[in-house]
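Chemist: These protein sequence lines are chains G and Z, in that order. Taking numbering that gives the first Met the number 0, the leading residue of the first sequence gets 0, the next gets one more, and so forth. Taking numbering that gives the first Met the number 0, the leading residue of the second sequence gets 0, the next gets one more, and so forth.
Please note: incorrect hints may appear among the correct ones.
[Unchecked claim] On the chain G side, residues computed to face chain Z include the following (Cβ under 8 Å):
1. ASP144
2. TYR192
3. SER701
4. ARG705
Honestly, the hints are just simulated from the structure, not real lab data. Keep in mind the model is a prediction, meaning the values are calculated, not measured. Virtual Cβ for every residue (Gly too), placed ideally from N, Cα, C.
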Amino acid sequence: MAEIKVFGYTDKLSVKPGDNLDFHVSADGTDTADAQLVRIIHGDEHPNGPGYMDEKIESEINGKWKVKKQFTQLGSFLKAKDPNNKLAIDGDFTIFGYVNSSTPHTGSHQWIFCRWDNKTNEGFGIGINKDGYFELVVGDGKEVDYLVSELPVIKKVWYFVAATFNYKSGEASLYQEGVVNRYNSLIGKVVPYDYRSHTQTTFRFKQKNNPTTPFIVGGAIDDHELRGKFVSGTFAGKVDRHGVCKKVLSRKELDKICAGELPDKESIVAYWDTTKGYSEKGINNTVIDIGPNKLNSVGYNHPVRAMTGWNWSGKNDSFRLSPNEYGGIDFHPDAITDAGWEVTKSMTIPENLKSGIYAVRLRAGNGTGLGEEYIVFFVRPKTPKSKICFLVPTASYLAYANEKLSFEAQIIQPMTGQPPTISDIDVEQYKNPEFGLSTYDSYADGAGVCFTSYKRPILNMRPKYRTSGMGITWQFPADLSITGWLEHHYKDYDIVTDEDLHKEGLDAIKPYKCVITGTHPEYTSEKMLDAMEDYVSQGGRFIYMGGNGFYWVVGFYEDEPWCMEVRKLDAGMRAWAAKPGEYYMQTTGERGGLWRSRGRAPQKFAGVGFIAEGFDTAEPLRKMPDAWHRTVSWITEGVDGEIIGDHGLAYGGAAGVELDRYDLSLGTPPHTKIISSSGGHSDNYVLVTEELLYAYAGLVGSLDYRIRADMTYFTAPNDGAVFSTGSIAYGQALPSNNFNNSASTVLKNVVDAFIKDGKLPGGMWTLEEKQWK
Amino acid sequence: MSDIKTKKRKTWKNPLAVWGAKGGNHEVPTPEWKNPHQIWRDTKAFKVPTTKIGRFHYEYKSSNHGEKIWNRLRWWPTRRTILWTQGVYNRKSLKPEKIRKDKRPIFWFLSLLALAIMPFILPDGFKNSLLTAGGIFGIYASINLCWTLVIGTAGIFSLATYAIVGMSAFLTTWLSINLGLPWWMLPMIGMFVGLAFGVIIALPALRLDGFYYGLLTLGLNELCRVFITTSHAFGAASGGLYGADTFVDDNWAPMTQTLVQYYSGFALLIAALFLFRFVDGKRLGRILKLAPEKKEAFAEASGVNYKRARVTVFLISSIALGFIGGFYAAYYRGSAFDIFSFHTVIMGLAMITIGGIGRADGAVAGTLIIVVLDRVLVELGPYRYIIIGLIMMFTILFLKNGLFGIRKQFRDWRDKKKGEARSSRLERGGEMLPEQATEMDNKDEIYRKRYDKMQREFLKTLICDEIIEEHKQKPLGQHSEALERVCYYFRRGAMNDKYVVKCEVPFKKYKIMALSGVRGRSPRLVEDKIYDTVEAAYHGLFLRRIQDLMEA
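The following block holds chain Z by itself, in its conformation from the complex:
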């Protein structure tokens, strides 16, 4: 405590001296008396500028039902209420109002409705090309949803998604050509192909992680491409294999064909969304959310069989991808080698990253953006790829989790800014500023902080070698006014992190701990120093408190 200078000295006389006060502190040197009220007279305003706060209630929030019956409608056939609507009391007015905790169904409904009525609102000139792109969008979005299940939900970094779709498409086309299978059998058979490939690709996933697994699956994708392109059976000469049975009749009017394709793609998308919902939002997805990356060991120790869940999700997705492959074959009467190309993998990756990995809305929106760029804005030529590249770079550089992570990212950013602003405006241990007061329900606490600050400002002026020495001589009992004021303050402190003496061996060994302030939670040791007597520990504890006071 050498930094604490000796103040102008006076002498304090112990009122108990006439009674023969024990400890012999009949007279002790003490700092000059100071007025504890002066600080109140001198403090007239905050040290930083203050502004009005408050947010206008511009949003409409429906009121409560009161005595009327509120029928809690549910999503058939679930137990969840529509939009997860809940009544709450407004913190400021105490008036009841309703909040909708899950607004996503509204956006999904509007988006899907827009897709459903698209053919009726598109201008005739673009109709054909846009609807064709729309069909492709449906298929790719479905593939990407399955991929999201693999990468996001299951956390397996597989790049062989398009390989499964491609193999399924080629095999079913080949079967359709050679065995004359009807179109509706192709997706069914595709599912078996998907399962077979899923099993093959899943096995290494049990041993390999991340980057290595990604490389492996990319290799597998390449292997498929080389196999198919060099195999005569799969039309090595013609750039693809065509001739499968299809549900689109050549004899229909071109627009009818396009519409059938568009709506079939749309239906596939809806089916994929349901699949996503039932895998990600149900038991399997929940298990996997209990075992996030890097915490697998903990989850496993808690009895969560996350590996099994991962493989199950992977196989389900593979079956679905196989189905899509068969559908693809029946949709296009076959498939081009293009589906195995590195270009396709990269485009797919772009689709799921731009929207945000792991989310259905991200996968669908990402697909939409890329498909529009790639298939609709064809006249931009090769610049399309530069634009896609730029978007990807932007996403990776600036967004934490794609477009749909923007909301959370924005909030985090705002919180960070708030933290910065506060740390520059607040004094340590100072009063609450108007912006902080809004967060405190118990307004008494706001005043307590002010009082505490004033008291500390004053007490700091009393700290000097004299009172420290006085305490050392006699930690308990009657003290000079200066020391006693400081002690009163210390004793009345809040319970969390309040220092206590810990007796290790009675009358021999003591340490200093700090209380938790939370019932049932142990105190923590604050230093290893051992004191031989309880009085020495009292004084050691006092010095710590002085240090905390001077630092605050």
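Bound-form chain G, shown alone:
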């Protein structure tokens, strides 16, 4: 019998009472699962803390759910909208386009431009055969005929490829030219490759067109008895402008198209101009056909756009400067941004459900291991009631969704200073490409993953999960230490997610007296950052509870909040680097990379910003001299001695994992005070790369004074204020000793002060000191 496994996701992450929420569940080895709605309170099982805590909620959705195995379409591709089957050409044709293959020699056939059915072998198209040669294929459902080019495709080099077929005589030709310039390809002109190939033959068979076959770029339709129609033979690499003509174009005509001209208007059935549709705000998922039939094609699983094209001249680094050079669309056979599973269950969020972090706990079989799943979602209040808002960094959860660093990143062990501790969940998500990749992984073709989505199971966004690389909780389960603390000390707090902040801006958090972030709010869109900045400048009180926050620029399409784009570039601690010229996000038109590189270093807003990371140990903070100043001395009131946070569930210290530092040169508000700082970090704590101008020996914990966590506080206009804890581990330090400890005392002082109406404490002690000692 198969091992029993249950996985699921919701169609929305953030809901309000009255909203509908769909659950999508797939199961192996079982057809039922027991569902229980729970409100999650604490998620870290570390023996030094209170352990996992939840509250069972009565709900109509509790009970047995009927579940089944669901299938996932992997791979990005474009499907043409062709309702009148204009592309079902029962006659002469020419297909052409620019192609840049990332992995031509995969040992399996990859389709590039085709109207082909992989199941019945009907249709026609161009692909790369399993030996790595361009190939024209026609099929009539019984027999397949094919023409192979002379020389194999060289990876990451731009080609123009075209195939013509004379329906009557059966004469077929395949045209291939390299269009390498000084910038556009992996290699340049000094390499003695001859890319040219012009082959021809006479086919014995002709294409037969099935009316239901779609024209696909980067794959071909297939069929499976359990799964139904899906796309297989997906392609890894880029395409640029491509099209189909209803006649056999001559060599001369093809030479012209290869040089960038349009084919003769009369003959065009479709010409997809991949450079059309760019604006200041990026480009959407539709590729525009400028031919007479307007057969626009639509991207599935987000083919990456805003990529350099065959004619990229290297002068412009953005599609906003030269859209004509940005016709590249990058496809990846392992991309997935929407699992597309059928709805298993739906619920309407009850009016009386209080704001909080919820999950449907599914148990199948014996309900342990992979037979237990928590499908997490976040419930906001219909109208804000609490003074405290916990701002859930869902954008960062998305960025880390299903990361596989422990399994395939050589850097992970040197970085974390320890061997990974993997669990069954990690192995399962590594084995199943259907769960997709995180923005810390690369596609199998080597390109960094720039799209991530929550329309798929996110196996590391569940309580109790410990991140394998570091053996501690990370992101969602780590943030539960903060909600557990809020639950313990205040009971009353509301939940708002990054998604709400991005959608609604300031309105989402304006009603609250105090906003508290998660432990690692690393990924931020401009709208989110604007809202937080406005909140503080208009008198809001903000607690930045983490490390390495407000770091990466991210973008969303307004109608697809579940899918996030990030481009990693320039500097920063990054798992991959965007290729030259591919720095601007297709979703918004903004430059990607670090906020710091765009003039908004986190220090400007939060007082501190990323300085070092290391994952082997954590240290306590020690009060800095300014902590005794009456403007801020109330913050450390009640702390016994000078040490804060010499405990915790993340390596036993409040300053650890990732550290943030005060830096005037990066825009820390000039009146910011450092309340406490950590020190004595191990040499595994290494300076971040964006700080690096020249690399030199000794940029490590025991040799570089900058490597530390700074706890800072500054006041903002209209009685606003920002308090920052300076490290990720601070959140995990809160649950120690049943939430009664020095880190907790400090945070409670701040929250208590922040939720009080009126002036903040210490505000009157601002006269210049006249000191006797």
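Go by the hints and put chain Z onto chain G.
Modeler: Frame of chain G; chain Z shown alone:
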């Protein structure tokens, strides 16, 4: 780790001690400092002699067509291109060149051409005897091709091939004599005889395997022989049955008769080759290649109906053998009992084994060798059989798959020699030697191996009880330089077979696994030992890494 001796001791002071380093490792005993660069200064050459490598580009390889059109000619009426010519880039020069992946058509064409013009080039003195032998060669080669389909393609060890031919020959001769059938009907009727016998012999093949089936069919062959030789109807007294109609007119000049016989044998051979190609190279043959010996169960489970394919191939061959029997009768005006003799079976077996079982070229070449020995070098007398026996013994003793398997066998042998040479020259985990470097496209990897080797040589000198104890006390955090260097190295190792801790029950039960390094492939468990704490697992994993380092 008792084999690792305590080195000369020094003390390492933790730079973080003033901050109150956790874990209490303010001072730890550590081995004497050693210079990590010394190994680079001391290593000046490979430990084994090196020689120049490289192979001169003596072969002519045509270049690419470039901007010119390359018309991909095909074998009419197939989709296959002539000689399966493909353009490739030369790995060393990146220049395009053409390779011909299938040169067999050239050899077939030349060989068949030689056979076709044979009568015009043979010296007059030998012409008659050689052409007569040539005709016999054509017939035997055809029989052996069909037999190869049975033994090779279908994998049925039948020895009744000549029995089918013989029965067909005798029956058609008898019919021709008694009913006056014309010669051209004999092969047609022979096909029915072949089919009937095929069905009879195929049935036990569904139940019996290998040796037992071989014995059974040999028995059947013997049965036929006894039946025919004792039956008066089939000329028990005269040593054979003759008098069938023939296509060779007695009134023609003797040389004309010989030529007609020779070319008819040649035509039969061509027909048999086509049959072989269409059975072995098409759907049936492919199905059977999916179900090789000992993997039948797997093929069947995958939905391959190999049994049906086997029987079909067997019946097709039997029909063809029946046809040949009829042809044989029309060729010789009848048949001798000799065709059933054990001698014939053995000779046939020799023919197909010498060339290589399962291959058309093997069957034809093997037949040629035996026919030349048996029918042309008649003056050698009984020594011919000794020579044939010696050749067979040589083939069976020294060749894996006959003459035509020599190429692959030679390559395997060369690879084996290469492996032996390498294992004697290479150090485990050492640098790449010049001969290995040719196989590595990414030259960076060659250097990485050198660096890795140097590093390991150095790190081995640091391993001692002190650092092991230090790690045991504190697996994570600031370590002495010696331990930290070793840890840095371990952490940076390649992903395949890299150890990780597997959490079975959080905070209670841990094991050690090794990663696959291949996306989607599970890690494997390396030991069953269970550790109670993650720290103990870290240390267990560290000890494994030390062991691997010391062994490499």
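Chemist: Next, verify each hint and record whether it holds.
Modeler: Evaluation of the provided hints:
Below 8 Å, beta-carbon pairs count as interface contacts, and ASP144 of chain G has one with chain Z at about 6 Å; its hint therefore holds. For TYR192 of chain G, the interface hint holds, the least distance from its beta-carbon to any beta-carbon of chain Z being 5 Å, beneath 8 Å. Taking 8 Å as the C-beta contact cut-off toward chain Z, the hint placing SER701 of chain G at the interface holds, the least distance being around 4 Å. With its C-beta approaching chain Z no nearer than about 15 Å, ARG705 of chain G sits outside the 8 Å limit, and its interface hint is violated.
Hint 4 alone, counting from the list given before, is not met by this structure.
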